[in-house]
Structures are given as C-alpha cells and as structure tokens.
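4 protein chains.
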Amino acid sequence: MEPLERKAQILGHAARLFGQSGYHDTSISDIIAAAGIARGTFYLYFENKRSIFEELLDGLLSQILGRISAVDASPDAPSPREQLIDNITRVIELFADERHMLEILFKGAVGLDREFDAKLQDFYEALVDEMIGSLDQGQVMGLVRPCDTRFAARIALGAFKEMLHERFYNPDREDEDPRKLAAEVLDIFCKGVLEDGVAIP
Amino acid sequence: MEPLERKAQILGHAARLFGQSGYHDTSISDIIAAAGIARGTFYLYFENKRSIFEELLDGLLSQILGRISAVDASPDAPSPREQLIDNITRVIELFADERHMLEILFKGAVGLDREFDAKLQDFYEALVDEMIGSLDQGQVMGLVRPCDTRFAARIALGAFKEMLHERFYNPDREDEDPRKLAAEVLDIFCKGVLEDGVAIP
Amino acid sequence: MEPLERKAQILGHAARLFGQSGYHDTSISDIIAAAGIARGTFYLYFENKRSIFEELLDGLLSQILGRISAVDASPDAPSPREQLIDNITRVIELFADERHMLEILFKGAVGLDREFDAKLQDFYEALVDEMIGSLDQGQVMGLVRPCDTRFAARIALGAFKEMLHERFYNPDREDEDPRKLAAEVLDIFCKGVLEDGVAIP
Amino acid sequence: MEPLERKAQILGHAARLFGQSGYHDTSISDIIAAAGIARGTFYLYFENKRSIFEELLDGLLSQILGRISAVDASPDAPSPREQLIDNITRVIELFADERHMLEILFKGAVGLDREFDAKLQDFYEALVDEMIGSLDQGQVMGLVRPCDTRFAARIALGAFKEMLHERFYNPDREDEDPRKLAAEVLDIFCKGVLEDGVAIP
DNA sequence: TATGAATGAGTCTTCATTCAT
DNA sequence: TATGAATGAAGACTCATTCAT
Chain G
1274 MEPLERKAQI LGHAARLFGQ SGYHDTSISD IIAAAGIARG TFYLYFENKR SIFEELLDGL
1334 LSQILGRISA VDASPDAPSP REQLIDNITR VIELFADERH MLEILFKGAV GLDREFDAKL
1394 QDFYEALVDE MIGSLDQGQV MGLVRPCDTR FAARIALGAF KEMLHERFYN PDREDEDPRK
1454 LAAEVLDIFC KGVLEDGVAI P
Chain E
1274 MEPLERKAQI LGHAARLFGQ SGYHDTSISD IIAAAGIARG TFYLYFENKR SIFEELLDGL
1334 LSQILGRISA VDASPDAPSP REQLIDNITR VIELFADERH MLEILFKGAV GLDREFDAKL
1394 QDFYEALVDE MIGSLDQGQV MGLVRPCDTR FAARIALGAF KEMLHERFYN PDREDEDPRK
1454 LAAEVLDIFC KGVLEDGVAI P
Chain W
1274 MEPLERKAQI LGHAARLFGQ SGYHDTSISD IIAAAGIARG TFYLYFENKR SIFEELLDGL
1334 LSQILGRISA VDASPDAPSP REQLIDNITR VIELFADERH MLEILFKGAV GLDREFDAKL
1394 QDFYEALVDE MIGSLDQGQV MGLVRPCDTR FAARIALGAF KEMLHERFYN PDREDEDPRK
1454 LAAEVLDIFC KGVLEDGVAI P
Chain X
1274 MEPLERKAQI LGHAARLFGQ SGYHDTSISD IIAAAGIARG TFYLYFENKR SIFEELLDGL
1334 LSQILGRISA VDASPDAPSP REQLIDNITR VIELFADERH MLEILFKGAV GLDREFDAKL
1394 QDFYEALVDE MIGSLDQGQV MGLVRPCDTR FAARIALGAF KEMLHERFYN PDREDEDPRK
1454 LAAEVLDIFC KGVLEDGVAI P
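Residue numbers (this note's numbering), protein chains in the order written: chain G, 1274 to 1474; chain E, 1274 to 1474; chain W, 1274 to 1474; chain X, 1274 to 1474.
Certain hints may be false.
Just so you know, same-sequence chains aren't split out, so a pair can sit in one copy or run between any two.
[Said to hold, decoys possible] Capping the alpha-carbon separation at 25 Å, the derived lysine-lysine pairs in DSS-like fashion look like this:
#, residue 1, residue 2
1, Lys1453, Lys1392
2, Lys1322, Lys1434
3, Lys1392, Lys1380
4, Lys1280, Lys1453
5, Lys1280, Lys1434
6, Lys1280, Lys1392
7, Lys1380, Lys1322
8, Lys1453, Lys1322
It should be emphasised that the hints constitute simulated quantities derived from the structure, not laboratory data.
Predicted, not measured: the structure shown is a model, and the values here were computed from it.
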C-alpha cells in the first residue's frame, strides 16, 4: 500500500479508537488489530503512541482553525453577523462529520500530560485572542459596551464549547440545524438572556 | 492512627498528587510514599486506585453542590442577584482553597472512563437543571426573554467553567476578587456584551 | 524470603547465565525462570538488566582487588616474591571458585557499551598503576633494569590475563596448581625466556 | 555499481560502524543508511547480519596472518631479531591504518557467541602454535632456557595484545614508532625486566 | 491494623528478515 | 540488481493488586 494511504488508514482507525476509549485505554495492539497491520508496520509510520495521538490532535486543531475566517468588512462580503454564524456553523459541521474528533478534543486530550495541556491552552488562547481583537474593535465602534474584553472572550469560548457539548451529547439535538445553534449561541452572548431594559432584582 | 484520620491523610496526599500529575501518572507507589504508609495499608482503606479517586471526586462534587443554594425569594433574604453572586463566589473560593481539586475536576477526571464521564455529565446536568428551573421561572415573570432555556442554561455553565479557567490559569487574575468575577460573568450572561439597543450588523 | 537472600539468589543465577550465554543472549526471562521468581520480583531488586550486570561486575572487580595486597616490606613479612605469588594465586583461586566470573570479565563485559568499557579500563588502569609503582621502586633499588615502567606494567597485565586464559580454557591445565602458574608467569616477566647472557641473533 | 565494488563499499561502512558501536549497537538500518542502499540490497550481498560481521572478522584475521612471516634462517635474510620485529611492526601498522579493526577484534568480536569465540580461540591458538615452534627450536639451540614453551608462548601473546592496547588506547602513545614498540615488547619477553643476575628477594 | 514481598498480565518498542514489485 | 513496505517474534519494563506474616 502507498505510504500516505497506509498512514491515513492507520490514523483513521486510531482516531476512532482514541475517540471511543480514550488515550490510555487504547493500546497499540488495538490500533494494529483494527487496521489489520503488523506491529512493526505501525512503527514504520509513527514514532510511538504519543506521536500518532499528537498528529491526530494537531490535524484537528488545524482543521478547526481552517474553518474560521476573519470577518471580511468589505461591502461585497456577507454581513458580519452572517460571517460569524458561518464560522461557528463550519466548526459544528466538522464535528458532525468526524464525531470521534470531538471526543478526542473534549476528553481524550484533556489532562494527558503537561505538553498536551499546553498545546490545548495555546490553541484556545489563539481563539480567545482572535475574539479579543473583534471585541476591542467593537468597543471602538461603540457596539460593544465597556467591559473586560479578554474576560468576555473567554466566556464566549466557554459558551461555544458548551454549545458543542449540548449539540453532540444531548440526543435530542443530534439533528438540530448547526446554523440555528450558531445563531442562538451568538445571540445569547451578544444580548444576554434578559428582556430589554430588565435586570435581576 | 485513628482510621478516619488515616483515611483523610491518605486522601489528602492523593488529592495533591492526582491534581499535580493526573490519574494515570500518579501511582499507588507515589501515594503511599507521600503518605508514608505501606502498600497493604492503602488497600485497607481503599478498594483500589479507582475508588480513592472516585471518593475524591465525589467529595468535590458534593462540596460544590453544598456551596450552591437555591434562591430564597422571601422578603428578608438578600436580593436574588446577591444570592446568585454569593453562590458563584463560594464555588470560586472553594477552588481557591483547594487548587488541586480544580485540576482534578477539569483535567484529571475528564475522559478517564465511561463511568467517570457519566458521573461528571450527571453532575453538570444537575447544575443545568437547576438553572433551567430559574430561567423558566424568569420567563414566567417576564424577566427572561423567550428562548430555549435548556440551551441558555448550558451556555451559562460553559461561561462559568471558563470563568474559573480564566481565574485560575491566568496568572494575572490569581488575586482577582471572586465576587467581582462572579458579578462579571453573571452580567455578561444576563445582558450580553452589546450596548443597549445595538445589534451586530 | 529475606530481601538480601533473595537478591543474592537472583545474582547467583544471573552470574551463571551471563557467564554461559553472555549479556545479550541472557534475557530477563531466562533469569527469572532460573531463579523461579516472577517478572516483577526481579525489578524489585534490580532497576534493569544493565544494573544487575553492573552489580555483578562491580562485585567481581572488588573481589579481585580485595585479593591483591600491597607488598609488605617489614622484616617479619614473607619475602616479596612470596607475597607477589600469593597475590596472583589468590586471584587464580577466585576464578577457580567462580568460573562464571571469568567469562563475565573476559567476554561478557567486553565491548558492551562505552560505560562498561570505561569501567574495565579504569580497573585495569588501577592494576597497572599499582605495578608501575612497584617497578619504579625496583628501578630505584637497582633491581629493575632501565625501561618504560608503564609499558612493562601493561605487559605484565597482558601476561597475567593470558595466563588465566591458559589455565581456564586449556583443559590440560584445569587442575594445575595455581601457585605454580603464578610463579611461572612471574618468572617469565622478570627474567624473560632467554638463557642468561644470550640474545636473539 | 559493480557487485564486488558494492560489496566492498558496504563492508567498509559496516566495519566503521561495528568498530564504533559494536555488533549489537549497529543495526542493519545503520549500515544501509551509511552505505546509501536499500534494505533489500543489503541482503543481496550478505546472508544476514552475522555473516557480514563474520566476513569482516575473517578478513581481519587473514590480514594479520598475512603480515606475519615465518623466520627465514637463510644467510641472505635479515637477522632473526629483525624479522621478528618486522612481523610485529607490520601488525601494529595494520591497526594504525584501520583502527576500527582493532575495536572489532578487541571488543566487537569478544563474547558474541560460541562460534565467534571459537573462531578467535582458533586464531590465537594458531599464533601460539607458531610461537611454540620457534621457542622449541630456540631451546634446542640452547637460546631459550628450559620452560613450558606453550605457557611462554601464551604469555607472549598476552604481552603482544596488551602492547597493542597500550599503543592504541593511550593517547600519549598514538604517535609512537611501531618499530620501537615492537622491539620493546620483544625485549621484555626475552630478557625480562630485572637487571642481569638479580632476582626478586 | 499494618506490613512489604511477591505476582503476572499487560504495554510499548525494536529490528533482523522477507518478498512482491 | 534494486527497492522498501511489511512482518512478527522477542525483548524490557510497569504497576495495580494480593496475601502471608
């Protein structure tokens, strides 16, 4: 088999297994059995167990970033709101297509070791930074009310992650339109949950 | 040593180690070395490695729940807003006192196995249910605008978790007043980040 | 079993196996099978395969050094010649008692890795230094003819090693009196093989 | 590439690697990487790892033997002493030219397995037999004093090996004249280290 | 209640060798 | 001749758990 093809095949099986059972409960034996290859073949393509997981995670993080575009403010572009919703929708769709990846991101890669933790931190930090930029700009334009934008961005990240959770772990929502969820989470983050002009007593 | 005292002592060391190194990278050997006990003694107090971790996690989840009170609507009680902020503040303070517990909750217990995942799910689900109740009531009272309250509650949970993250993993915030953070996250969730009457174009 | 006893037992089996089959052809499985212990038990007493071999080699080198005494020049002591022969004899007897050790020293530990090589080098160097001292002193006393004493000492070492080889690998000599061999090698090193006053043409 | 040329090229790289890292720490991968050939190509020229090492060792032993000539007693020939020194010098020069070979002979091939051990034994035995012949003849001619000539020959071998060691592992001697060393070791073996007419007390 | 020696299933990893192309 | 993907037996090592004392 062609090296690239074989590597992709192994990665595919590994992704499924890591997603199903987590990093520690997936053994090299499991992977090679699923891929139908010999033990040595695995090590022809990956240095060790850690590295195949890392490759998987790196690929996932890149794919996510690849689905997020900076908002295009030119007149011909869709409205900013549309673009934001598009971004969120595309990420939801990514996980809809590769469900295992959600497990890997939300469970498998969490707390594995210091290096993986740092990798995730950095990834989330990059997302947050992106959002801080937009919020800061929004403040300048008078759209965003005065607040700690880093804090707000972090909250947006949490809202977004939990929206994914709701969509993918609540069976009632497994068919829900990604676009609708994207709009919903964006709305809550922008306008909050209270009626206009109302405050908690 | 008194059995209960000894058990508590072992739990303490285990909490620290699990928090520092995670479940898999903490061995029974590490725990007994830290506690200064013999291998067999450990198994006098805990059935196995899993069970000591479970005990730790259960204790943590109880403590969290114990710090959250339902909003008391009686006239003598503090305002609902105060009570909500109090709840959030108490949870922040819990983690400020026992930092390891945050690691255990956010990293150590994530993706460990199906059973632990379910336990965490149930815990978060309980929190969400609580919030749904409040939001539903808010809708009835005309405070909360029409929306999917389960979805909104989930978002609130995500916002809250990420606030904890921001507080405890961002060195710039390690001394920030828990009360202020509690108010801030509550505000964003209630009013959103946009200026009144404004919308994203 | 008492730890020290068990450790000694394992060391004994390992010595035999390393002596018979060499370092690489002796597996942990071989050792534990011979010792009748479980795999984990081995690692209770030795960090790894290398370390048990090292312990064996260190022990051997110490034993050798322990059987060599500096020549005592006091009037009550036996004659220097007797003392030198005693030293050599004791070393021959050591290997006669623990034949495996000879294999370990002459074959098993040779060329294993840089660290073991250095250990052996250092050991031989120490022996050579000892001999250099004696030869230098002999020169001062007019006993030893002018020559490069370091070179001569090295030659003495080679002569001694090959004498051991002859004694232990030539079946005709396996019962030969250690004392006689000691005297013989000492004589050749001191007087050479030529008749007095004769030279190679 | 011409088969013989290719084979020689592979042998050259293998010799260097075996000399540097020893038999076990040199992998087929190392050899083919150094030689710039494919894995399968290696097995076109050598049956297996053992056989390339054997070929190398056999070549080395032949070369050594090829540099040793029986002493020519005819009147036109150089003096016997000259011839002996010439023999020794040529062997020293061989190793000076191919240092790796020394490592292979003194470390790499030692204790590898029973068969290689036997091969080395046989080689040394042949050298010893040669020397026994000369010593016996010397005794007949009244040059060599009465002694066990096999034992003496063995000692000579040991002296010679250790001389090589001194020359090649002692940095102070790396430029020393081979001829001088040859004379020196021959002298010690012939006349010993003591002054004429002196004995150890 | 406490000890700690013993266990052995399970895991990752290496590497000489084969063989279809 | 040459290639290099594939093999799988064999190796070292870990660690949660048990149990006789």
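Outcome of the hint check:
1. Lys1453 x Lys1392: neither (30 Å within a copy, 29 Å between copies)
2. Lys1322 x Lys1434: neither (27 Å within a copy, 31 Å between copies)
3. Lys1392 x Lys1380: both (14 Å within a copy, 14 Å between copies)
4. Lys1280 x Lys1453: Classified as neither; 37 Å inside a copy, 51 Å across copies.
5. Lys1280 x Lys1434: neither (30 Å within a copy, 37 Å between copies)
6. Lys1280 x Lys1392: This pair counts as within: shortest intra-copy Cα distance 23 Å, inter-copy 36 Å.
7. Lys1380 x Lys1322: both (17 Å within a copy, 20 Å between copies)
8. Lys1453 x Lys1322: neither (39 Å within a copy, 44 Å between copies)
The structure fails to meet hints 1, 2, 4, 5 and 8 from the earlier list, while all remaining hints are met.
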